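**Student:** Here is how the chains run, residue by residue.
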Amino acid sequence: MKKITSITGKALPIQGNDIDTDRVIPARYMKSVTFSGLGAYAFYDERYEEGGKPKEHPMNSSRYKGASIMVVNKNFGCGSSREHAPQALRDFGISALIGESFAEIFAGNCTALGMPTVTVSEEAAGELQKRVSENPGEMIEIDLESMIIRTGDYQTEASMPETYRRAMLDGSWDSTSLLLQAKDEIEKVESSLHYSFQ
Amino acid sequence: MAKTLLDKVWEHHLVRTLPSGQDQLLIGLHLIHEVTSPQAFDMLRTMGLGVKFPERTFATVDHIVPTKDQQRPFQDELAEKMMAELEKNTDEFGITFFNLQSGRQGIVHIVGPEMGLTQPGMTIACGDSHTSTHGAFGSIAFGIGTSQIRDILASGTMAISKPKIRRIRIDGKLSPGVYAKDIILRIIRDLGVKGGLGYAYEYAGEAIEALSMEERMTICNMSIEGGARFGYVNPDSTTFEYIKGRPYAPKDFSEAVQRWQSYASDPDATYNDEYHIDGAGISPMVTWGINPGQALEVDRPLPDPGSMSRDEREVAVRAYDHMGFSPGEAIKGTPIDVAFLGSCTNGRISDLREAAAIVKGRKIASKVRGMVVPGSMNIARQAEAEGLDRIFTQAGFEWRGAGCSMCLAMNPDKLRGREISASSSNRNFIGRQGSPSGRTLLMSPAMVAAAALAGQVVDIREYL
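Residue numbers (my numbering), protein chains in the order written: chain A, 346 to 543; chain B, 27 to 490.
So that you can see chain A by itself, here it is in the shape it has in the complex (with noise of 0.2 angstroms):
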């Protein structure tokens, strides 16, 4: 189980609340079997005329290349639970997200793949935002022990709901094996229950 305590890299502002997962992957996209290479199709109908060429968008520029945090101000997320969303997100090499709030399912689906979903008030978001579209260059630091965010000469705290921060520190977020092992627990409980379909 990898142990994920903090990460660093250039980041890319997404603005706007309320994004939902028909945005960041629309559902035609998911038309697979497979997870693999769901990045060329993140945002693709923000980043793309319906004819293939590329509109402006931060995905797109030359400038945010290589970045692998992303930063989203409120309800990122919301609706499908697609986990075509932050696979796709990875994908394209997101390893983390800032923002100012996402949905539940969303950021249990991010938690699962060890891509951690920090929240921050809506002006760090906003001054994060403006800070790096005007440095995209500049390394931002998540720091999930201390729960600060580093950039340059800028601080902020950062929150993230307590169970989802120790998963990333001790690793459970990797949790299969984790859940295999209360085996005797797992079995005594389903006995018990009153309903079977036979």
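I should point out that these hints are in silico values taken from the structure, not numbers from a laboratory.
Just so you know, these numbers come straight off a predicted model, no measurement behind them.
Note that beta-carbon positions come from the ideal geometry of N, C-alpha and C, so glycine has one too.
Check each hint, because a few of them may be wrong.
Said to hold, decoys possible - Here are the simulated lysine to any residue pairs, SDA-like style, with alpha carbons at most 25 angstroms apart:
1) Lys440(B) - Asp390(A)
2) Lys188(B) - Pro506(A)
3) Lys114(B) - Gln96(B)
4) Lys533(A) - Lys386(B)
5) Lys533(A) - His348(B)
6) Lys347(A) - Thr43(B)
7) Lys400(A) - Arg442(B)
8) Lys440(B) - Thr379(A)
9) Lys34(B) - Asp529(A)
10) Lys347(A) - Gln96(B)
11) Lys528(A) - Leu40(B)
12) Lys398(A) - His348(B)
13) Lys533(A) - Asp49(B)
14) Lys188(B) - Asp390(A)
15) Lys386(B) - Glu410(B)
16) Lys376(A) - Glu410(B)
17) Lys533(A) - Gly443(B)
18) Lys528(A) - Ser187(B)
19) Lys475(A) - Lys34(B)
20) Lys533(A) - Gly120(B)
21) Lys533(A) - Glu410(B)
22) Lys400(A) - Gly443(B)
As the list claims (entries may be wrong) - Sample of chain A residues lacking proximity to chain B, with all beta carbon distances greater than 10 angstroms (derived):
23) Lys355
24) Asn405
25) Gly453
26) Met484
27) Asp488
28) Arg495
29) Arg511
30) Ser517
31) Ile531
Using the hints provided, position chain B relative to the given structure of chain A.
**Tutor:** The following block gives chain B in isolation, referenced to the frame of chain A:
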């Protein structure tokens, strides 16, 4: 101590608390479909693991199924590949699959209840955010991602934190022309699309108790559109009556009913939050924007972004830009190009009956492309036995096979270009119905039917 249904069901399925502080929760019923499960089965194979409780796992195919020509192999090679993968996985791991030959195929959230799989007091998970639908039966049901599907397949459990709980009471009687869809659109409009973050919604009150199971499902279905991952209604005689006689209903039915009653929230249970709406004050609703919270009473003018909070204003400006509408305009009278009746929200038999009653003996506007997609094969057969299919086709609608269809357009059913759709589905997100520039107006099935006749958004109360 007095407990809510959430407390009781959670306690009963709790395996242990993990070192992270999350709970390891046993999932008593795991529903899977073709889009979000194949990667999970691959992960299992890579890890050398099997399926812990195949007898608690059921599959159907819904998202990618063509609704016109269902001959195998499907014309769409990618859809065929996904179908074949689900056949392989369910076969290899001994999972019951309601496939096209079973006569029981349909949208996963319609199939579970109609087969009698969905019952009070269960934990139910599915790789689909509308799993909250099953909460209508007094179960704790929620959407998950593929890594969590893997965990449930492998261990029968997953890591999750117990949500807070908000009781939403709808008292009084609904007015004519007001349906379950209007109740949930009103709730989401009032509380916002992120109002439910971290919460389970318990729907209660006189108006909720008076609803049929199908109507309760419509409400619980869209909990996630208000940000709440879970939504439920306490089980009562309406619930038990619905389950009775269904294929997977418990054999010891009266014993089961007694147990089910015990799961209902205690009268003196406490809630983290409460919200109240007077049922008599709810009007027919329609969405005008790009999320389900951007909804308004059909007879009201479109809202002014200037009077909104900063957060709402930013999304409203984007919505007006996408929709091509202007503040102050009436939504009533907006011309439509497509009328879509179906989805896990409103693709059940009562929805089709309501819509058919409106279009019976009439014709839809000549420029409108109308499509009726029953939620399951069972519903299709029932509708055909009642002659609803002929009512729809004589009115000019297409009568299709069961599936998710144009709710999310993973099959050939899509909007074209800037078309505007009057839709009984659940999401009006940009691009949701298959065209990046397409536009969706969410409303009740009766309103969709009436809009199809008029070729524009109407107030259903003028048609009753």
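**Student:** Hint by hint, say whether it matches the structure.
**Tutor:** Verification of the supplied hints:
1. For a cut-off of 25 angstroms, the pair hint linking Lys440(B) to Asp390(A) stands: about 15 angstroms separates their Cα positions.
2. A threshold of 25 angstroms between alpha carbons decides the hint, and for Lys188(B) with Pro506(A) the separation of about 12 angstroms falls inside it, so the pair holds.
3. The hinted pair formed by Lys114(B) and Gln96(B) meets the criterion: a straight-line CA distance of about 19 angstroms does not exceed 25 angstroms.
4. In summary, the hint linking Lys533(A) to Lys386(B) is not supported, as the alpha carbons are separated by about 55 angstroms, beyond the 25 angstroms threshold.
5. At most 25 angstroms may separate the alpha-carbon atoms for a hinted pair to count; Lys533(A) and His348(B) exceed this at roughly 53 angstroms.
6. For the hint linking Lys347(A) to Thr43(B), the alpha-carbon distance of about 21 angstroms falls within 25 angstroms, and the restraint holds.
7. Of the supplied pair hints, the one linking Lys400(A) and Arg442(B) holds, its CA atoms being roughly 21 angstroms apart against a limit of 25 angstroms.
8. A distance of roughly 24 angstroms separates the Cα atoms of Lys440(B) and Thr379(A); the hinted pair therefore holds under the 25 angstroms criterion.
9. For the hint linking Lys34(B) to Asp529(A), the alpha-carbon distance of about 22 angstroms falls within 25 angstroms, and the restraint holds.
10. At roughly 45 angstroms between alpha-carbon atoms, Lys347(A) and Gln96(B) are farther apart than 25 angstroms, so this suggested pair is violated.
11. With a C-alpha separation of about 13 angstroms, the suggested pair Lys528(A) and Leu40(B) falls inside the 25 angstroms cut-off, and the hint holds.
12. The hinted pair formed by Lys398(A) and His348(B) meets the criterion: a straight-line CA distance of about 19 angstroms does not exceed 25 angstroms.
13. Between Lys533(A) and Asp49(B) the alpha-carbon distance is near 16 angstroms, which keeps this suggested pair within the 25 angstroms criterion.
14. Note on Lys188(B) and Asp390(A): the hinted pairing is violated, with a Cα-Cα distance of about 35 angstroms set against a maximum of 25 angstroms.
15. With a C-alpha separation of about 14 angstroms, the suggested pair Lys386(B) and Glu410(B) falls inside the 25 angstroms cut-off, and the hint holds.
16. Of the pairs offered as hints, the one joining Lys376(A) and Glu410(B) is violated, with about 31 angstroms between alpha carbons and a cut-off of 25 angstroms exceeded.
17. Using a Cα cut-off of 25 angstroms, the hinted pair Lys533(A) and Gly443(B) is violated, with the two alpha carbons roughly 55 angstroms apart.
18. This hinted pair checks out: Lys528(A) and Ser187(B) have alpha carbons roughly 20 angstroms apart, not beyond 25 angstroms.
19. Of the pairs offered as hints, the one joining Lys475(A) and Lys34(B) is violated, with about 47 angstroms between alpha carbons and a cut-off of 25 angstroms exceeded.
20. Only pairs whose Cα atoms come within 25 angstroms are accepted, and Lys533(A) paired with Gly120(B) is accepted, the gap being roughly 22 angstroms.
21. With a C-alpha separation of about 46 angstroms, the suggested pair Lys533(A) and Glu410(B) falls outside the 25 angstroms cut-off, and the hint is violated.
22. A C-alpha spacing of about 18 angstroms is found between Lys400(A) and Gly443(B), which places the hinted pair at or below 25 angstroms, so the restraint holds.
23. Against chain B, the non-interface label of Lys355(A) holds: every CB pair exceeds 10 angstroms, the least being about 25 angstroms.
24. At the 10 angstroms boundary, the C-beta of Asn405(A) stays outside the reach of chain B, the nearest C-beta of that chain being 16 angstroms off.
25. Not every beta carbon of chain B lies more than 10 angstroms from that of Gly453(A), the smallest distance being close to 7 angstroms; the non-interface claim is violated.
26. With a closest Cβ-Cβ approach of about 28 angstroms to chain B, Met484(A) is found to remain outside the 10 angstroms limit, as its non-interface label requires.
27. Chain B leaves Asp488(A) outside its interface by the beta-carbon criterion, the shortest separation being 19 angstroms against a cut-off of 10 angstroms.
28. Its beta-carbon lying about 25 angstroms from the closest one in chain B, Arg495(A) satisfies the requirement of being farther than 10 angstroms from that chain.
29. Not every C-beta of chain B lies more than 10 angstroms from that of Arg511(A), the closest at about 4 angstroms, which undercuts listing it as non-interface.
30. For Ser517(A), the condition that its CB be more than 10 angstroms from all CB atoms of chain B is violated, with the nearest at approximately 5 angstroms.
31. Separation of Ile531(A) from chain B is inadequate, the least Cβ-Cβ distance of about 6 angstroms not exceeding the 10 angstroms criterion.
Going through the hint list in order, the structure does not satisfy hints 4, 5, 10, 14, 16, 17, 19, 21, 25, 29, 30 and 31.
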